[in-house]
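**Student:** First to last, the protein sequences are chains Y, U, P and V.
Those letters in the first sequence? Residues 1 to 382, by my numbering.
Those letters in the second sequence? Residues 1001 to 1382, by my numbering.
Those letters in the third sequence? Residues 2001 to 2382, by my numbering.
Those letters in the fourth sequence? Residues 3001 to 3382, by my numbering.
Hints were generated in silico from the structure; no laboratory data involved.
Watch out, some of these pointers could steer you wrong.
[Unchecked claim] Anything over 12 Å on all C-beta distances counts as not near chain Y; from chain U, calculated:
1. Val1019
2. Gln1167
3. Trp1169
4. Ala1183
5. Leu1241
6. Leu1263
7. His1319
8. Gly1355
9. Val1382
[As the list claims (entries may be wrong)] Cβ pair distances, simulated, as ranges:
10. Arg3190(V) / Gly2153(P): 41 to 49 Å
11. Thr3177(V) / Ser1303(U): 44 to 52 Å
12. Ala371(Y) / Asp1054(U): 56 to 64 Å
13. Leu1374(U) / Met350(Y): 37 to 45 Å
14. Ser1243(U) / Glu3125(V): 34 to 42 Å
15. Ala3183(V) / Ser2346(P): 33 to 41 Å
16. Met350(Y) / Val1231(U): 40 to 48 Å
For glycine and all other residues, C-beta sits at the position ideal for the given N, C-alpha and C.
Number of protein chains: 4
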Amino acid sequence: MRLRMGMIGGGEGSLIGPVHRIAARLDGLSELVCGAFSSDPSVSAATGVREGLDSSRIYGTWQEMIRRESALPENVRPHFISVVTPNHLHYGPAKMALEAGFHVVCDKPLCMSVAEAIDLYETVERSERLFCLTHNYTGYPMVKLAREMVLGGEIGSVRKVAVEYFQGWLSSPVETTGNRQAAWRSDPARAGIAGAMADIGTHAFNLAEYISGLEVVALSADLRSVVPGRVLDDDGNVLLLFSNGAGGTLLASQVATGEENNLSIRIYGEKGGLSWRQMEPNTLTVMWPDKPVQMFRTGTSFSSSGVAAPMHTRMPAGHPEGFIEAFANLYRNFALNIIALSEGSSHDIMADYPGIYEGVRGMKFLEAVVASGLNNSVRTEV
Amino acid sequence: MRLRMGMIGGGEGSLIGPVHRIAARLDGLSELVCGAFSSDPSVSAATGVREGLDSSRIYGTWQEMIRRESALPENVRPHFISVVTPNHLHYGPAKMALEAGFHVVCDKPLCMSVAEAIDLYETVERSERLFCLTHNYTGYPMVKLAREMVLGGEIGSVRKVAVEYFQGWLSSPVETTGNRQAAWRSDPARAGIAGAMADIGTHAFNLAEYISGLEVVALSADLRSVVPGRVLDDDGNVLLLFSNGAGGTLLASQVATGEENNLSIRIYGEKGGLSWRQMEPNTLTVMWPDKPVQMFRTGTSFSSSGVAAPMHTRMPAGHPEGFIEAFANLYRNFALNIIALSEGSSHDIMADYPGIYEGVRGMKFLEAVVASGLNNSVRTEV
Amino acid sequence: MRLRMGMIGGGEGSLIGPVHRIAARLDGLSELVCGAFSSDPSVSAATGVREGLDSSRIYGTWQEMIRRESALPENVRPHFISVVTPNHLHYGPAKMALEAGFHVVCDKPLCMSVAEAIDLYETVERSERLFCLTHNYTGYPMVKLAREMVLGGEIGSVRKVAVEYFQGWLSSPVETTGNRQAAWRSDPARAGIAGAMADIGTHAFNLAEYISGLEVVALSADLRSVVPGRVLDDDGNVLLLFSNGAGGTLLASQVATGEENNLSIRIYGEKGGLSWRQMEPNTLTVMWPDKPVQMFRTGTSFSSSGVAAPMHTRMPAGHPEGFIEAFANLYRNFALNIIALSEGSSHDIMADYPGIYEGVRGMKFLEAVVASGLNNSVRTEV
Amino acid sequence: MRLRMGMIGGGEGSLIGPVHRIAARLDGLSELVCGAFSSDPSVSAATGVREGLDSSRIYGTWQEMIRRESALPENVRPHFISVVTPNHLHYGPAKMALEAGFHVVCDKPLCMSVAEAIDLYETVERSERLFCLTHNYTGYPMVKLAREMVLGGEIGSVRKVAVEYFQGWLSSPVETTGNRQAAWRSDPARAGIAGAMADIGTHAFNLAEYISGLEVVALSADLRSVVPGRVLDDDGNVLLLFSNGAGGTLLASQVATGEENNLSIRIYGEKGGLSWRQMEPNTLTVMWPDKPVQMFRTGTSFSSSGVAAPMHTRMPAGHPEGFIEAFANLYRNFALNIIALSEGSSHDIMADYPGIYEGVRGMKFLEAVVASGLNNSVRTEV
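Please model the complete structure; the sequences and the hints are all you need to start from.
**Tutor:** This is how it looks when you write it as structure tokens:
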């Protein structure tokens, strides 16, 4: 069974749109059938044509697309719609698509406020549609293994979490010199209440909660706009308090000059510690007080590698899997869940993906971070 | 324009078949339309159905597929056929497909002997069809950059090449306990005159010639079958002499216990040296006698990264690209060349891929290695 | 000229005492002549004998040693005295030694309070003696280079500092099971107001101020005692504000299970970023927005390695220098300064070492960290 | 007990002389008492004075030193003499010192020919003096652990050894522009029959035999002089055959442009494989077919780290130990053996160091390598 997919956003010049399309296509489970790729109809058309779409299914607005596609016969219209627009255009399209009966994939952060997030949460509940939020870093096999080890108690009760996400591409004011990716991310009207914290801090936050299995209950944040003239934060540091009393830190910066896309996490428990770095994603380092450091590797098939990692791996060990494969794991799991739902069969609970709940968590995190950051890092509940 | 692709081999249980399919699909330039996936018709059918093929285009033999598909109208039949069978089944299908007018993608090593290789070379010439040999490691962006730097003279005249390819998966006799991948690779009737040297040594050889821009003119080889009962080499070391007088070494083993897929190469010239490791493929390390070590990275866009690497990269720096993306680069370049040929336009010379000449080189290497290995490592011309 | 050295503390079972002795001896500039190695006279005697000291110069108390050694002829008595006792026994011996006319080397943290620190500061001023505080990590060649690059403006104005120091050896309550190193460090009477922050946090703090050339003016701290029954902090995270407005973080933990001695620092400026890890100390990684990552290495002699690093290196590149060599660099520089002072010559300003001012800074940091940590991470001035 | 040491060679401008002196001094077991540091008496005097020697014990020739020092009372004259001259001046001084009753430390390679080596071997036997050849890389804790694991059967029967030693400092003809280290190493009269193979190849050879516990019985070598005008080899590759039938490779180059001092070894057995790199010497990586990669680390104290490594470690884990500490381990073990001999007590068999036998092996290796290298890499017995 091959699912039909529609797309909102992702026209020429988009960074993440092509990633969604490749990720959806990778495992042969989904194919693009329609799109409203841009608010500029000519851009939308160009993208649609290049993607080989029938011109009748390329739209100038997302409203028109949802309206007309939902009127098509069930065996023609899309199974799901991917929303890959800037942040301010997540809520509207996602809500309308859900209400029109489509499953939805949506880029992160979920929306512009906790209020919108809760409304979307309730819309998902009401619609009984599936919802995937592309916190794509959870799709890496070694992240799956890390979570499995922590939840399985292998490192004991979690005591400390150190997550960080350092990029350097905004270390100069590129938003003023034609960089479209930078332009919308630094514009409160399109990005929302936060800059780096929204764009990458929410990824770090989601990763920390995903692997640890814990929730952050309070935080103290220091936000700053380092580049002159920038309104939203481009750098920030947060002290975290987890539900079980563990402490942690979340560091996010887009002005860490020279850094590429350096997301990393370390989690320490009573019995052991683990470390994962997105830029070398096929290794999970596990440290013990009383035996040698272990390096678990993507693609190894021995039993200590658990169940989840092998399930999210396509190649034998030593054949590096990267960002696109991890992203595709979300699409694959989402597709498998849609298929199971449509066939009335039960889905594999290991075929997980971030959903609407994670979206609400992210917005709560952002509102707390901004509140604390504006108030001398005062401790703030999440 | 989306190309139509047929496949020979790659049925259930194949390792490399799915890789070819994903690689072909990744960039949306090709789609599978027919296949003879196995000599067992039920296996072939199962794979074809799972891939969503029309049952009329799933075949029990490759001969039948080539015959019937070549009779289809031009706008229906495949543009190219991928041959992903064990070594002994490369020559026949590739030759018949070429003669039937199809472009061909073929797995490595090219065939079973230099004689077959030369015959295929002439067939390609005669047919005026395009031929791609999947020495996939040349598809990595940092390999492209390395070649560009060497050919551009940045490290000066090449003096020394050290290439090695270490795996450990054959360190026990798994071919006797049901591992199908191991079974055919250790069977002279299906693998040919060499084991590890054919399976991975030819990759290393191709990589050395590709990056250095030099050809090996003589060698001294030590081949051994370490695991009792194994007929073909599972471990070997070769001293290399290059056309410009440079020396080198090629080490290949499938009994390097615990190694995953550890292909690496270092090339030293008069002015500098460079090092690349397949298992962390997004870094190219360049060493100088008089300035700090440089680490070039996939996805960086500054001018010193050259032209070839950015062209073979899909994501910004720090978003790791892996084995599948590199493999897909061969398919993409091959597709772009077919399109250019079909449109009568000139193709981009940077959109390169290994071809029939590289296949002949590989077979000459193998015959020389085996000759030397059987004769006390005596120096042998290639 | 070879300097004579006395030692207080460092008897059998001490970790750091032997390090001081090796470090002093390494370059042949100092030799041990007397010691009060322990409050237990038999322990002191055993150590002294093993070190080959004349029995008349082995003492049961530090008071006696300072009194009697200061009465010896100038060409017999020590030039300097090293104080390597637990924290609560730094202030008294250091002050008495200074007042008796000896130069002093003292382990960190300087003492038990800011008040003691200021008193020692004034004692040093008054005595006109030299004082070295063994923040030994500043002795590494690549740390020297990092500082030289930052102060020389190579990475532009500093925007962000991320320093961390993770150990795991206190992840279980080893202080209750006979570990003497753990016992005094977790005892407020001997360690002072802080645990991990005093023991390793002050190292991280010193390193951050040393390399950046900036001072921390305010902080928000989260301190915790993770292991049940432990009174002092064994884990903590601090948000930093630097004098130039830059932000930063200092993470220090001795319950990061499985970590060895993982001190690292990253500093980002307008133009570039740099990263150094103590556990692989011979590499300084420098990142740029517009050119490849550079790895500077201990022992390289080309001009871009600056002046300070080569001066603190003993071997050519590729011959790893470690913890002991870095520690010895403090002793060497201290000795060279004593010799210059005694000869009335000017000393080389590159032969630097941490002194009494750094000791005061460390105590101010500790008092601010504890104040903030006890008060919900409220922002606190340093 | 502190041993008295004399030194032959190691005057101003020497690279290795100071290393020997620091290594001897590090653990406080030896002190320099006399020396003939150079054939130029003024150079010898300058070094001796700087080392604080009594002028009566600084000599202009090694013959004079041995003669006069051996006439001194037993409690004054040196216990041992270190010979740290260029290769052609090992045999004479070492032989005379042994015959005069001194224990001897000698730099590598042992001498200029197998004949000399055997003569020295017999001299050692006859004299009943101890002899240490400074193949210093065997002093690293992780090398000790590797050997212990291999000899203990942990990786099973050895199948493959890959050792290499790459430097780049001779990639231009620095011997013609005043580099004294390069000048004698490239001069057959002072270096002997081989260049890079003698200088660093013998280290690699010794390391391979030390860790594997096997001996090389035959080899095929390719030697070359890459830099125009150079007489001796500056680059070479050797195929190895070990006594148990295992194969191997030894690659040695001093024209691997940009390389520092890159010695590494990998050994694969039936059950596992291990990898060690001198430039990051505190990690031993052990690979298994059926469980995660392990990283053993210097300074860890759990039982799987064996006995030998902790015995040769001075600091807790995470405090890097380097080249000097490893070198000092040879001096320490040598001193402990002298002390045991002088006290008539038995020495600890774990306190091992390379001796005269290893010297003979090295010379046999060199003669075989040169013979094969001059004869088209023909297989040659060792």
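**Student:** Indicate, hint by hint, whether the structure satisfies it.
**Tutor:** Comparing the hints with the structure gives:
A beta-carbon of chain Y is positioned within 12 Å of the beta-carbon of valine 1019(U); the least distance is around 7 Å. Glutamine 1167(U), annotated as away from the interface, has a beta carbon of chain Y within 12 Å; the closest lies near 7 Å. A beta-carbon of chain Y comes within 12 Å of the beta-carbon of tryptophan 1169(U); the shortest separation is about 8 Å. The beta carbon of alanine 1183(U) sits about 16 Å from the closest Cβ of chain Y, which is more than 12 Å, so the claim that it is off the interface holds.
Every C-beta of chain Y lies more than 12 Å from that of leucine 1241(U), the closest at about 30 Å, which supports listing it as non-interface. A beta-carbon of chain Y is positioned within 12 Å of the beta-carbon of leucine 1263(U); the least distance is around 8 Å. Not every CB of chain Y lies more than 12 Å from the CB of histidine 1319(U), the least distance being 4 Å, so the non-interface label is violated. Every Cβ of chain Y is farther than 12 Å from the Cβ of glycine 1355(U); the closest lies at roughly 23 Å, confirming the non-interface assignment.
No beta-carbon of chain Y is positioned within 12 Å of the beta-carbon of valine 1382(U); the least distance is around 28 Å. Checked against the hint of 41 to 49 Å, the C-beta distance between arginine 3190(V) and glycine 2153(P) comes to roughly 47 Å, which is consistent with it. Checking the proposed 44 to 52 Å range against threonine 3177(V) and serine 1303(U) shows it is violated: the Cβ atoms sit about 34 Å from each other. Against the hinted window of 56 to 64 Å, the Cβ-Cβ separation of alanine 371(Y) and aspartate 1054(U) comes to about 59 Å, which satisfies the hint.
Between leucine 1374(U) and methionine 350(Y), the C-beta spacing of about 51 Å breaks the proposed range 37 to 45 Å. The supplied range of 34 to 42 Å is broken by serine 1243(U) and glutamate 3125(V), whose beta-carbon atoms lie about 51 Å from each other. A hinted range of 33 to 41 Å for the beta carbons of alanine 3183(V) and serine 2346(P) is consistent with their spacing of about 37 Å. Take methionine 350(Y) and valine 1231(U): their Cβ atoms lie about 41 Å apart, and the range 40 to 48 Å holds.
Figure legend: structure checked against the earlier numbered hints; hints not met, in rising order: 1, 2, 3, 6, 7, 11, 13, 14.
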